[in-house]
Amino acid sequence: MLTPAVAIIKRELLSTLRNPRYFRAVAALLFVLLSLLTGYFIQNPTLHLDDARAMRELSTGLFLVYAYALYGIAALLLPVIASNAICSEKQQEQLDLLRMTYISPPVFLFAKAVNILGLYFFFAIATFPVASLLFYFTGVDWMQYGQMLTLISLVALANTLIGLFCSSFFYRTIPSAVTTFVLVFLAQWLPGGLTWWGVQMFGRGREYDGLWIALSPAWAIGRIAGSGFIDGYLFPGALLLYFGGITLGCAFLAHRVLNRPTKPMKVNQEKTIEDPALLEARRKQFPYYLIDPRRRRPLIGDHQDPVLAKERYSSLANRGTTSIRILYSVAILSVILGAFGTALTGTERDAERTIRLFVFVETVLLLALAPTFMATTFSKEHEWGNWDSLRMTLLTPRDVVWGKFRGALQSLALPTLALLIGTLPFIDSIIRFPSAFGTLASSLVLCFTNLVYLCALAILTATRFERSLPALMATYAMSILLLVIFPVLLMAFYSIATNDSPDVAWLFLSPALPMASDALDDSPHFGAGVAPISAIVFTALSLFLLKLAQQQYAKLWYAREPQHAAPPRSMVAGESLE
Amino acid sequence: MAMIETINLTKNYNKFEALKGLNLSIEKGDIFGFIGPNGAGKTTTIRILSTLLQPTMGKALIDGVDVMRNPYEIKKIIGYMPDSFGVYDGMRLREYLDFFGAAYKIPTKKRKAIIDDVLTLTDMTSRADDYVSAFSRGMKQRCCLAKTLIHDPQVLLLDEPASGLDPRARIEIKELLKALQEMGKTILISSHILSELGDMCTKIGIIERGELLAFGNHREILKNMRQSKEIRLEVLDGADKAADILAEQPGVENVERSGNEFHLETAISNEDLSGILVKLVQNGVRVLSFGEEEGTLEDVFLHVTKGGV
Numbered sequence: 001m002l003t004p005a006v007a008i009i010k011r012e013l014l015s016t017l018r019n020p021r022y023f024r025a026v027a028a029l030l031f032v033l034l035s036l037l038t039g040y041f042i043q044n045p046t047l048h049l050d051d052a053r054a055m056r057e058l059s060t061g062l063f064l065v066y067a068y069a070l071y072g073i074a075a076l077l078l079p080v081i082a083s084n085a086i087c088s089e090k091q092q093e094q095l096d097l098l099r100m101t102y103i104s105p106p107v108f109l110f111a112k113a114v115n116i117l118g119l120y121f122f123f124a125i126a127t128f129p130v131a132s133l134l135f136y137f138t139g140v141d142w143m144q145y146g147q148m149l150t151l152i153s154l155v156a157l158a159n160t161l162i163g164l165f166c167s168s169f170f171y172r173t174i175p176s177a178v179t180t181f182v183l184v185f186l187a188q189w190l191p192g193g194l195t196w197w198g199v200q201m202f203g204r205g206r207e208y209d210g211l212w213i214a215l216s217p218a219w220a221i222g223r224i225a226g227s228g229f230i231d232g233y234l235f236p237g238a239l240l241l242y243f244g245g246i247t248l249g250c251a252f253l254a255h256r257v258l259n260r261p262t263k264p265m266k267v268n269q270e271k272t273i274e275d276p277a278l279l280e281a282r283r284k285q286f287p288y289y290l291i292d293p294r295r296r297r298p299l300i301g302d303h304q305d306p307v308l309a310k311e312r313y314s315s316l317a318n319r320g321t322t323s324i325r326i327l328y329s330v331a332i333l334s335v336i337l338g339a340f341g342t343a344l345t346g347t348e349r350d351a352e353r354t355i356r357l358f359v360f361v362e363t364v365l366l367l368a369l370a371p372t373f374m375a376t377t378f379s380k381e382h383e384w385g386n387w388d389s390l391r392m393t394l395l396t397p398r399d400v401v402w403g404k405f406r407g408a409l410q411s412l413a414l415p416t417l418a419l420l421i422g423t424l425p426f427i428d429s430i431i432r433f434p435s436a437f438g439t440l441a442s443s444l445v446l447c448f449t450n451l452v453y454l455c456a457l458a459i460l461t462a463t464r465f466e467r468s469l470p471a472l473m474a475t476y477a478m479s480i481l482l483l484v485i486f487p488v489l490l491m492a493f494y495s496i497a498t499n500d501s502p503d504v505a506w507l508f509l510s511p512a513l514p515m516a517s518d519a520l521d522d523s524p525h526f527g528a529g530v531a532p533i534s535a536i537v538f539t540a541l542s543l544f545l546l547k548l549a550q551q552q553y554a555k556l557w558y559a560r561e562p563q564h565a566a567p568p569r570s571m572v573a574g575e576s577l578e
Numbered sequence: 579m580a581m582i583e584t585i586n587l588t589k590n591y592n593k594f595e596a597l598k599g600l601n602l603s604i605e606k607g608d609i610f611g612f613i614g615p616n617g618a619g620k621t622t623t624i625r626i627l628s629t630l631l632q633p634t635m636g637k638a639l640i641d642g643v644d645v646m647r648n649p650y651e652i653k654k655i656i657g658y659m660p661d662s663f664g665v666y667d668g669m670r671l672r673e674y675l676d677f678f679g680a681a682y683k684i685p686t687k688k689r690k691a692i693i694d695d696v697l698t699l700t701d702m703t704s705r706a707d708d709y710v711s712a713f714s715r716g717m718k719q720r721c722c723l724a725k726t727l728i729h730d731p732q733v734l735l736l737d738e739p740a741s742g743l744d745p746r747a748r749i750e751i752k753e754l755l756k757a758l759q760e761m762g763k764t765i766l767i768s769s770h771i772l773s774e775l776g777d778m779c780t781k782i783g784i785i786e787r788g789e790l791l792a793f794g795n796h797r798e799i800l801k802n803m804r805q806s807k808e809i810r811l812e813v814l815d816g817a818d819k820a821a822d823i824l825a826e827q828p829g830v831e832n833v834e835r836s837g838n839e840f841h842l843e844t845a846i847s848n849e850d851l852s853g854i855l856v857k858l859v860q861n862g863v864r865v866l867s868f869g870e871e872e873g874t875l876e877d878v879f880l881h882v883t884k885g886g887v
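Residue numbers (my numbering), protein chains in the order written: chain A, 1 to 578; chain B, 579 to 887.
Hints are computed from structural coordinates only; laboratory data are not their basis.
Mixed in with the good hints, there may be bad ones.
[As the list claims (entries may be wrong)] Pairs of lysine-lysine residues, derived as DSSO-like cross-links and limited to a Cα-Cα distance of at most 30 Å, are as follows: (1) B:K756 to B:K688; (2) B:K654 to B:K807; (3) B:K687 to A:K271; (4) B:K683 to B:K781; (5) B:K593 to B:K654; (6) A:K555 to B:K593; (7) B:K654 to B:K690; (8) B:K801 to B:K781; (9) A:K90 to A:K10; (10) B:K637 to A:K90; (11) B:K718 to B:K781; (12) B:K683 to A:K271; (13) B:K688 to A:K271; (14) B:K606 to B:K718; (15) A:K271 to B:K718; (16) B:K598 to A:K555; (17) A:K555 to B:K752; (18) B:K688 to A:K547; (19) B:K690 to A:K271; (20) B:K683 to A:K547; (21) B:K857 to B:K606; (22) B:K606 to B:K637; (23) B:K819 to B:K781; (24) B:K637 to A:K555; (25) B:K690 to B:K598; (26) B:K718 to B:K752; (27) B:K690 to A:K555; (28) B:K687 to B:K718; (29) B:K801 to B:K598.
For reference, chain B alone in the conformation it holds in the complex (with noise of 0.2 Å):
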């Protein structure tokens, strides 16, 4: 059973469609990268799914239950990081997760333990007796992730959760991630910098204009939405006769030259391939490397995405 399902999924606001008949299958464990440009329809998702707004159609299910009918029992597995938030004014961090702690009626025996934890998960046990309004933007971005952990919820819905952090600070965001998957929990991230989604979510989907476009592993994406392979090869001498080599040879198109260095795009088997860099080395060329580049999220992205919102 999915762990996030959303069916049919329509927001409007006013006539302006937001979200037109999403449909999602999100599989518990995953971390899920939700991509799209602003205003593309991922905050209202996030919010439908996190009970605080209501779609004009469609159903959204959390471990199966009804994200509109039992939005009690979905606060109690969820956890929400919104993409701007504030702090409390007078509140010490420990003080500040103690408050959500009991907001989330988690017992005072338990709660000790539980805020040390999770201060220790987000490595910030040398700041819990500061105070929260004294903390750096990349501070607070933590002090919300703790504070959304607190109740240690089954499924993290991060909105933007790495926006505006330094680049440390974005992959010690990653890393903790990554622990929080190892624990099983689903994770449905997103954000606009595609790098840091690329080698982090098991599942993308790309949304536009309330569309979703693309969806499932981004490579799997990548190799479906392209017809040929694109390769590249770098020789440490030879350019000249590893040019003609591949002039020559059937199937390889595009080639494009930059110094020692070659790109270029083929159908051809990969016995075939295997073929080319056999004949390249008999023929003296000196290679340095031969493979397929794999492709990045943002060649995805570019590729599904129109532009404008």
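Here chain A stands alone, though its shape is the one from the complex (with noise of 0.2 Å):
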């Protein structure tokens, strides 16, 4: 038993350590994390040890990002490992060799995890000489720090092993990852949540306040930081509890999923259907069938771009009945949210605010879905082993990279359109209130700039990777911080420096500024010019953004190894064989 494990984990970790990417990672947040100390002494040039009050305060605030920078990699990063981690053996082939070992699915579900986990101690002791400052500054105890420590470790446990059961669930790492992150946001969030939302809803006062903040590890560190525990209600118990419960639950399921005999890769095998009639026979069987997967394609046209075409066959409409109904189902869902949301319009400023927060969910929820159409189109490309390919024909970099931006937001459309069919029921209300056309018609171009833009950053940031993994990653990461880090640090720095609150004119920093702020309820003249010229500002950048994603790919297309020439002015400007 204890010489396969042995050797499991021997191989897991060596691994880890060969590689240098997370040295690297390391080192970025033990800088980041000296960085902001020694700035705050600069900008606090007066600061002396002896003031215990000060030092508290500083205490209490690196503790924050401290235990905030752990809690990050234990919801961010593990997952990504974990969902990746027994894919990547099915994909290589070699889940079936191990199986075949004295390895059996616990040894090797426990080498997995001792592996992940380890790299998240890793993480936690190479910075424990900042942690070490805590208690030199005198401001946090023991008891925090070990309840710190203990309510991430937690959650690292509980992601790790969300992660490896839908590894083990998955075959290829997307859906695998995709589906990794949703669990891990509802394992965090929703028991909370749902808690808060009855002591808010039910009224049934504080005594559950604890309760819901014991099971959201976000609030949790913000409170052990505060004041030390969390009100004394429930925690650790109903924190061990829960967290417990879907750490064993994971294991056991993926334990199962191993077990099972592996299945190989489903393949659509069925034919092209020539036959018209049969063709609209299946129409009317299957309504939900927007172009019928199964209909002869024409050819591509002279003018059409080859690589649009190719995007558009593995689209949502051509990836059979699942992906269809669920596209309906979403359209039914919004129509009801939408109904729904009408029931609150009984003024005229009630319906611009429900109309415009309306609009933003639906944009938050398509800028989330975005970048999984637009961040492994690129990757695909080498995963699938088509690079090559590719390259050598009479292809340039600009028919790719437009190809494959405009064969994404053809797939988007679909879903955009199930999202935005919700906003139907708000008819009624425009009739009511016909100024609330307006708030519906700018939010509605704000959420088409903040669309256009993400995929253009996402298009930007993906055309760099070869691994579709860390492609999806990185253009979560980018997105995120064009979008809303880097706009609110700029506007808090302001604010700062200048001891004043910055004005309407920083919502041009983002164009998702505009949709989250209450600026816009204040003053409606303002919103209304707010929209169209941050389109036409962020269409602008999206379009310079997809001519940097081209010269990016060129690059990589032209001068794959290093000392290639810069390609000849003839492939740039593409003849023809004609």
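Reassemble the complex: the two chains are provided individually, in unrelated frames, and hints are given to aid placement.
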């Protein structure tokens, strides 16, 4: 029992320790923490180590940053690694070989979990020098530190097992990663959120307040930093029970899945249907088909972009009945949500606010969905082994980048349409309050601006990657950074530097800000102007980003290996064989 | 003029020299077999010829066009089949070929007929409406070859086209390559399976550690390589008598006997050899066969290469 376990743990740890990426990440984390600390001291030159109150403030602040950094690793990095851990074994056809050895599924799962958690502890231990400063500044006690570490370690363990379960269930990494993140999100926010909602809804008072915080680790960390404990309520019992349950449940499910014989990947083998009568009959039988995937497609036209045509073949419309059914369901749910929203539009102001909130929620959903269409479109060419074949054709990088961008937009059009159908019930509100039309129009303009901007960002990021998972993660990180974090940080710096709150002009830093800001509610006339200006600015910026993506992709296309000469003009021009 | 020519072609990957001044000259209509152990530099050469890799030094020409200076022109005249490749998900074979046809800018009017021709040539017409991702390895190999032929290239660069195929599929690919040669195409093919190249290639090149060790027709190479002829003799009876006669002959060396079969080495002339045969028959030895052993590509390969990467 022990020897195979040692063998696989050794293999796993070696592969991690040989990866310089993690060492760089630790160095980056330490750099950020120490920079913040140094920055704090520079900003407060009169700070003295004897000033207990100031030291407590500093210590608490540093504790929060440190704890959230570790929490970020547990909630964002570990699920990525775990969701790929068993998928990669399957893709490299190693899983069956491992199953032929004496390594049992529990040992295999244990080894994977040890490796992934080892990475978490690697970060935790490497940052001990920073953690020790907390005690030097005497603002945080051992109990707080212990609670924080226990809490985040529990989250790390649960998230790792969620990822391993998804990884054992799926063959491909992307569905595994997406499902992992959905489950991780639900595990961390749903029970706490529901409890909070229940408390708010039924007003049962504050006796349950500690419970929802205890079940939401992100809030719990804040509470630990503030008061040292979560009001003594159920902590850590509730948390232990909850995350322990998730861990054991996922381990059990993953074990069950790994015990089953490997199923070969499902491959569609349906033949084309030539008979128009049969196609018509199928259309009547399956009304959810927008385009029958079994029809014979016409040849790609002379003036058509071949890459766009190819991307369309693998779009949602051609992805079988399940995707189409999901889309119809989303459309119906969206309409129900919209109809529910119209009930809240008693006054003109309410109507405007509700419409804005509704489109905002839809936009957030679309922005969360869009990278999955864009991020992996380039890396798949490498992963599926088509990269060289594609480069050997007379296509240019411009053809490929634009073809893929437009193809991804077309794929995205279907869920976008499904979600935005939900705005139809607001027609009633618009009839009652015509000014609400302006709000709907400007909100929709901002929604599309955000979508185009995010897609351009995603394409720019995606062209750099040859593997889908890093591409997806980088695309999400880049999108959040440029849409939210960077503009908000700039605004914060402006506030600190000028001691003044930023005015509405700052909303042009990102197309997401006008949608999330209350400023537009207070000045509807200004709001009407923000949407078109933002649309023009960010569409232009998106075009620029796409141009950059094209140049970046051209470097990879023409110069895979070093010392490659610049592409000749004839290749960029794209001559025809005719 | 040579159809494929490399002049002092060199490629370094950091300190590792993958190609050391390779000189090749392949005529139009040749099937050139590129042979060498793993890591010898075959794929590097093919990737340079395919415009996918920049050499460190030297020149590569296809139909007189410089590969490095005019990659766009080169792509029109070559078809490259990589050693490892994939297919697209959610695409049928006809659509797959249509995509590559469009990517090679073949007009729609001509494309349908070309796709049908290529499907016929690769014997895949019956699978035209099947999803390519559902194909077996052999079918994917054919599919990739069909894609390589879609723009009617004059030069085919095939990197291990038969690896992983069953014997029947190998024979079919061999026949297909012969048919393509008859169509006037120049083919450069790399393979580990020497037996399949031996009787198909008009020329071979043996490469090891980035150096070309032998070049030309493999029979000529073998002839030049050997100091003496290898003769095989098989008798129906009188094997002992035959052994005595062979032992007495001047210039006959290393006689090995295995039952009624003899292998011997000799540097004597053909007239003297026919004299030996006459002597055997006159002494009552009933000869079944008597002739020079041609030698196989394996012999050439083993003789020329030293092993190791």
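The hints, checked one at a time:
A hinted pair counts as satisfied when its Cα atoms are at most 30 Å apart, and K756 of chain B with K688 of chain B qualifies at roughly 25 Å. With a C-alpha separation of about 46 Å, the suggested pairing of K654 of chain B with K807 of chain B is violated against the 30 Å cut-off. In summary, the hint linking K687 of chain B to K271 of chain A is supported, as the alpha carbons are separated by about 25 Å, within the 30 Å threshold. For the proposed pair K683 of chain B and K781 of chain B, the alpha carbon gap of about 33 Å is over 30 Å, so the pair is violated.
Taking the CA atoms of K593 of chain B and K654 of chain B, the gap is near 34 Å; set against the 30 Å cutoff, the hint is violated. The straight-line distance between the Cα atoms of K555 of chain A and K593 of chain B is roughly 24 Å, inside the 30 Å bound, and the hint therefore holds. Only pairs whose Cα atoms come within 30 Å are accepted, and K654 of chain B paired with K690 of chain B is accepted, the gap being roughly 19 Å. Between K801 of chain B and K781 of chain B the alpha-carbon distance is near 14 Å, which keeps this suggested pair within the 30 Å criterion.
At roughly 19 Å between alpha-carbon atoms, K90 of chain A and K10 of chain A fall within 30 Å of each other, so this suggested pair holds. As the CA atoms of K637 of chain B and K90 of chain A are separated by approximately 43 Å, the hinted pair breaks the 30 Å bound. Among the hinted pairs, K718 of chain B with K781 of chain B is consistent with the structure: their alpha-carbon atoms are about 28 Å apart, no more than 30 Å. For the hint pairing K683 of chain B with K271 of chain A, the CA-to-CA distance comes to about 28 Å; that is within 30 Å, so the pair holds.
With a C-alpha separation of about 25 Å, the suggested pair K688 of chain B and K271 of chain A falls inside the 30 Å cut-off, and the hint holds. Between K606 of chain B and K718 of chain B, the direct Cα distance comes to roughly 28 Å. Compliance with the 30 Å bound is thereby established for this hinted pair. Proposed proximity of K271 of chain A and K718 of chain B is supported: the alpha carbons are some 17 Å apart, at most 30 Å. With a CA separation close to 27 Å, the supplied pair K598 of chain B and K555 of chain A stays within the 30 Å bound.
Using a Cα cut-off of 30 Å, the hinted pair K555 of chain A and K752 of chain B is violated, with the two alpha carbons roughly 38 Å apart. As the CA atoms of K688 of chain B and K547 of chain A are separated by approximately 33 Å, the hinted pair breaks the 30 Å bound. Pair hint K690 of chain B plus K271 of chain A holds up; C-alpha atoms about 19 Å apart against a cutoff of 30 Å. Distance restraint check for K683 of chain B and K547 of chain A: the Cα-Cα separation of roughly 24 Å lies within the 30 Å cut-off, and the hinted pair is therefore satisfied.
Simply put, K857 of chain B and K606 of chain B have alpha-carbon atoms about 48 Å apart, too far for the 30 Å limit, and the pair is violated. For the suggested pair K606 of chain B and K637 of chain B, the alpha carbons sit about 19 Å apart, so the restraint of at most 30 Å is met. Pair hint K819 of chain B plus K781 of chain B does not hold up; C-alpha atoms about 42 Å apart against a cutoff of 30 Å. A threshold of 30 Å between alpha carbons decides the hint, and for K637 of chain B with K555 of chain A the separation of about 22 Å falls inside it, so the pair holds.
For the hint pairing K690 of chain B with K598 of chain B, the CA-to-CA distance comes to about 44 Å; that exceeds 30 Å, so the pair is violated. As the CA atoms of K718 of chain B and K752 of chain B are separated by approximately 16 Å, the hinted pair is consistent with the 30 Å bound. For a cut-off of 30 Å, the pair hint linking K690 of chain B to K555 of chain A is broken: about 34 Å separates their Cα positions. In summary, the hint linking K687 of chain B to K718 of chain B is supported, as the alpha carbons are separated by about 26 Å, within the 30 Å threshold.
For the suggested pair K801 of chain B and K598 of chain B, the alpha carbons sit about 26 Å apart, so the restraint of at most 30 Å is met.
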